[in-house]
Structure formats: C-alpha cells, structure tokens
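Asks: Listed here are the chains, written in short residue letters.
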Amino acid sequence: MRLWREIAKQLAGEDAEPSDVLFAVSAQGGYFESVREIVSFSAEEVLLSVRKKQWRIVGRGLRIEKFVEGDVLVLGEIFSIERTQA
Amino acid sequence: MKSLVCFQIEGLAPENAVSRLKRAQIGVYRLQKTGKNRLTFCVERKNREKVFTIFRQSCYNILDERPYGAYAFVRFFRSRLGLWLGALLFLAVGALPDRLVMRIDTAGTGAYYREQALAILAENGIAVGGLYRKRNAQTAQLSLLALPDVEYCSLQKQGGALRVEIRIAPSRPAVEAGELTAPCAGKVYSLSPIRGEVLVALGDEVEKGQALVVPEQGDSLVSAGVRLYCTAQGRGQTEEEALARPLLAAAELGAEIVGKKVEKTGREFTACVEYLVGATKNI
Numbered sequence: 017m018r019l020w021r022e023i024a025k026q027l028a029g030e031d032a033e034p035s036d037v038l039f040a041v042s043a044q045g046g047y048f049e050s051v052r053e054i055v056s057f058s059a060e061e062v063l064l065s066v067r068k069k070q071w072r073i074v075g076r077g078l079r080i081e082k083f084v085e086g087d088v089l090v091l092g093e094i095f096s097i098e099r100t101q102a
Numbered sequence: 285m286k287s288l289v290c291f292q293i294e295g296l297a298p299e300n301a302v303s304r305l306k307r308a309q310i311g312v313y314r315l316q317k318t319g320k321n322r323l324t325f326c327v328e329r330k331n332r333e334k335v336f337t338i339f340r341q342s343c344y345n346i347l348d349e350r351p352y353g354a355y356a357f358v359r360f361f362r363s364r365l366g367l368w369l370g371a372l373l374f375l376a377v378g379a380l381p382d383r384l385v386m387r388i389d390t391a392g393t394g395a396y397y398r399e400q401a402l403a404i405l406a407e408n409g410i411a412v413g414g415l416y417r418k419r420n421a422q423t424a425q426l427s428l429l430a431l432p433d434v435e436y437c438s439l440q441k442q443g444g445a446l447r448v449e450i451r452i453a454p455s456r457p458a459v460e461a462g463e464l465t466a467p468c469a470g471k472v473y474s475l476s477p478i479r480g481e482v483l484v485a486l487g488d489e490v491e492k493g494q495a496l497v498v499p500e501q502g503d504s505l506v507s508a509g510v511r512l513y514c515t516a517q518g519r520g521q522t523e524e525e526a527l528a529r530p531l532l533a534a535a536e537l538g539a540e541i542v543g544k545k546v547e548k549t550g551r552e553f554t555a556c557v558e559y560l561v562g563a564t565k566n567i
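Protein chains in written order, with the numbering used here: chain A, 17 to 102; chain B, 285 to 567.
Take the hints with a grain of salt, since some may be wrong.
[As the list claims (entries may be wrong)] In silico BS3-like pairs for lysine-lysine, Cα to Cα no more than 30 angstroms straight-line:
1. B:Lys320 <-> A:Lys69
2. A:Lys82 <-> B:Lys306
3. B:Lys320 <-> B:Lys286
4. B:Lys317 <-> B:Lys330
5. B:Lys317 <-> A:Lys82
6. B:Lys548 <-> A:Lys69
7. A:Lys82 <-> B:Lys320
8. A:Lys82 <-> B:Lys286
9. A:Lys82 <-> B:Lys334
10. A:Lys68 <-> B:Lys320
11. B:Lys545 <-> A:Lys68
FYI, nobody ran anything at the bench for these hints, they're computed from the structure.
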C-alpha cells in the first residue's frame with residue numbers, strides 16, 4: 017500500500033489522495049483500481065471516475081485493455097495523470 | 285488465455301454502454317473506440333448472452349460479433365472441419381503408399397532365391413499388403429546375406445514396390461596344380477602363357493598329353509591357354525558316313541570346325557575335318 021501511495025504522490029503531487037484510486041504506471045501503460053466508471057476515452061485521453069473525482073490520463077495510443085471489477089488496465093504511452101473534480 | 289467474444293456497438297455516448305456492463309458485473313476487455321459513436325470491446329464467452337440481453341432494449345446496436353483468443357481458435361478449426369479432414373486424408377493417402385508394401389520384386393543374379401527371400405521378409409514382418417519398417421528391412425537384409433553364395437543384398441522401397449536385389453558371388457574354379465598338356469595331337473595354333481615355362485612354340489607339332497607349359501622352378505602352378513590346330517580323317521560309302529567320325533571326334537573335344545573336305549577315292553569317300561581345340565589351365 018505504501019508503494020502505491022508513493023507512486024501516486026510522485027505522479028499526482030503531494031495533495032494526492034491515494035485512497036481515491038490506486039494505480040501503477042509503467043512504460044507500457046497504467047493499472048488503476050477502484051474505478052467506478054469510464055467517463056470517456058480516446059487514444060489521447062482517458063477519463064476515469066473514482067467516487068466524486070475524476071482522473072484524467074493523457075497519452076498516446078491509449079486503449080483500455082481490461083475493465084473488470086473496478087480495475088482498469090490502460091495500455092499505451094502515458095504522458096500525465098491528473099486529478100480533476102467531477 | 286481467456287475465451288473472449290468481441291462486439292462492435294454503435295450508439296450515442298458509447299462509454300455508457302461500458303458502464304452498463306460494469307453494473308451487470310461483466311468484465312470488459314480490449315475496449316477501443318472505433319468511431320465517434322462506435323466502440324469495440326470483448327467479454328468472456330460465458331457473458332455473451334448477458335451482453336445481448338443488456339443491449340437488446342437499449343439504444344445500442346450490436347454491429348458485429350466475433351470470437352477472440354482460444355475460442356476464436358476453436359471456432360476457426362471447427363468451421364473448417366471438412367477442410368482439415370480432407371487435408372489429413374490427402375496426407376494419409378499421399379504418405380501411405382510409401383509405407384505400404386504393394387509388391388515385392390527380386391532382382392540380381394540371386395533372383396532365384398525369391399522364395400527364400402519372401403520367406404525371410406515375412407519372418408521379419410515384411411509382406412505384400414503390410415507396412416514397411418526400415419528396422420525390419422535391415423534385419424531381413426542380414427538374413428538374406430546369410431544365404432549361400434550371396435555376396436550382396438539390398439532392399440529398396442520404390443513407391444509401393446519393394447525391390448530386393450540379391451547378387452551371388454561369382455564362382456571361381458579351384459586352382460589346379462600341374463602342367464598344361466595338349467588335349468589332342470595337333471599343331472600349336474595360339475598360345476597365351478601367363479605363368480609357367482613354355483615348352484613349345486607356335487606351329488610345333490604336339491602329341492596328345494604332351495606338356496606344353498610347365499611350372500617354373502620353385503613354383504607349382506601354371507596359368508596358360510593354348511589352341512591346337514588338329515585334323516581328323518574318315519572314310520565311308522557316302523559323304524555323310526565319311527564325315528561322321530571326324531566330326532564326332534571334333535565335337536567330343538568341343539572344337540571349332542574351321543574346314544572340311546570330302547574326296548571320292550574309287551568306290552568310297554574320304555573326309556578330312558580341320559578344327560581348333562582349346563585348352564586352359566587356371567585361367
């Protein structure tokens with residue numbers, strides 16, 4: 017769990033609330049947990065809804081490989097991940 | 285590898301379709317947007333019917349459905365079952381003649397061993413209508429080589445035919461010690477000495493049993509050939525009667541007749557037959 021938090025802080029800043037979403041990112045894509053809904057998605061942007069917030073993933077050649085029981089596997093080149101208000 | 289079924293759906297805000305699937309606790313895989321109002325996704329094969337139920341009374345249209353992964357593999361093979369069976373049958377028909385023995389041919393100087401060869405092959409599991417196995421053929425080959433006087437044996441599979449070639453070792457006459465003697469009285473016509481001391485020259489008159497070539501000192505063998513020019517006379521009341529005796533004498537020696545002459549002398553006929561007689565020693 018600490019590792020997830022560290023990763024989240026590194027990517028989303030000190031004010032990130034790791035309890036909102038747990039995710040891991042690698043060169044091939046990212047893995048997100050506790051996702052309630054996929055708001056929108058395209059090859060350049062994926063919007064994930066997590067509770068009352070949204071996570072915006074920006075990248076290139078993005079595709080959602082898996083969305084099972086709140087877990088989302090996004091494949092592609094991720095440039096940034098930012099939290100926005102729903 | 286999961287067996288997936290992929291769908292292409294069309295409708296406004298297709299992302300909502302994914303939410304519907306999530307609400308129904310259906311896992312979504314390979315989600316991709318293929319157009320403004322279109323997206324493709326895959327679900328596990330067991331959820332296929334649920335997807336149809338969810339979208340039946342909605343504003344989403346299922347445009348396409350196709351298998352993916354292991355299921356696609358199975359479908360691919362199942363849908364072409366006839367083709368695969370045909371291909372297998374073709375391969376089997378093509379390969380079988382090479383494995384089957386349809387005919388057994390025997391060849392070579394030892395072809396007269398055919399019956400024994402067939403028996404040996406049968407003992408080793410090779411028979412007409414049976415399968416050809418290389419290992420059995422090798423064993424049979426060894427047995428065939430053990431037949432008397434067989435110096436070479438080969439088994440070759442040519443399509444459905446099995447060719448058994450058996451060669452017999454050329455028989456060599458035993459070496460004879462002693463000298464080469466004249467088989468009959470006559471004149472030395474030709475001489476081919478290879479080994480030994482020659483005692484006569486071309487044109488010499490020799491008697492029957494006379495030594496022509498003898499072993500050299502310290503040797504016991506002679507290897508030579510000779511041809512003698514001989515004549516034989518006969519008399520009789522008719523020409524045939526006069527010729528009969530000399531011709532018979534020549535025939536007994538296996539001679540080559542080179543000339544014959546018949547003359548009438550008074551009441552009877554006189555015949556003279558000229559012939560060449562050959563003799564060899566250790567050639």
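Asks: Does each hint hold? Answer for all of them.
Replies: Now the hints, each set against the structure:
1. A threshold of 30 angstroms between alpha carbons decides the hint, and for lysine 320 (chain B) with lysine 69 (chain A) the separation of about 25 angstroms falls inside it, so the pair holds.
2. Only pairs whose Cα atoms come within 30 angstroms are accepted, and lysine 82 (chain A) paired with lysine 306 (chain B) is accepted, the gap being roughly 11 angstroms.
3. Between lysine 320 (chain B) and lysine 286 (chain B), the direct Cα distance comes to roughly 29 angstroms. Compliance with the 30 angstroms bound is thereby established for this hinted pair.
4. The hinted pair formed by lysine 317 (chain B) and lysine 330 (chain B) meets the criterion: a straight-line CA distance of about 23 angstroms does not exceed 30 angstroms.
5. Among the hinted pairs, lysine 317 (chain B) with lysine 82 (chain A) is consistent with the structure: their alpha-carbon atoms are about 14 angstroms apart, no more than 30 angstroms.
6. In summary, the hint linking lysine 548 (chain B) to lysine 69 (chain A) is not supported, as the alpha carbons are separated by about 148 angstroms, beyond the 30 angstroms threshold.
7. For the suggested pair lysine 82 (chain A) and lysine 320 (chain B), the alpha carbons sit about 21 angstroms apart, so the restraint of at most 30 angstroms is met.
8. Taking the CA atoms of lysine 82 (chain A) and lysine 286 (chain B), the gap is about 12 angstroms. The hint holds against a cut of 30 angstroms.
9. Our distance criterion of 30 angstroms between C-alpha atoms is met by lysine 82 (chain A) and lysine 334 (chain B), whose separation comes to about 18 angstroms.
10. Restraint check: the Cα-Cα separation between lysine 68 (chain A) and lysine 320 (chain B) comes to about 26 angstroms, which is no more than 30 angstroms; the hinted pair holds.
11. With a C-alpha separation of about 141 angstroms, the suggested pairing of lysine 545 (chain B) with lysine 68 (chain A) is violated against the 30 angstroms cut-off.
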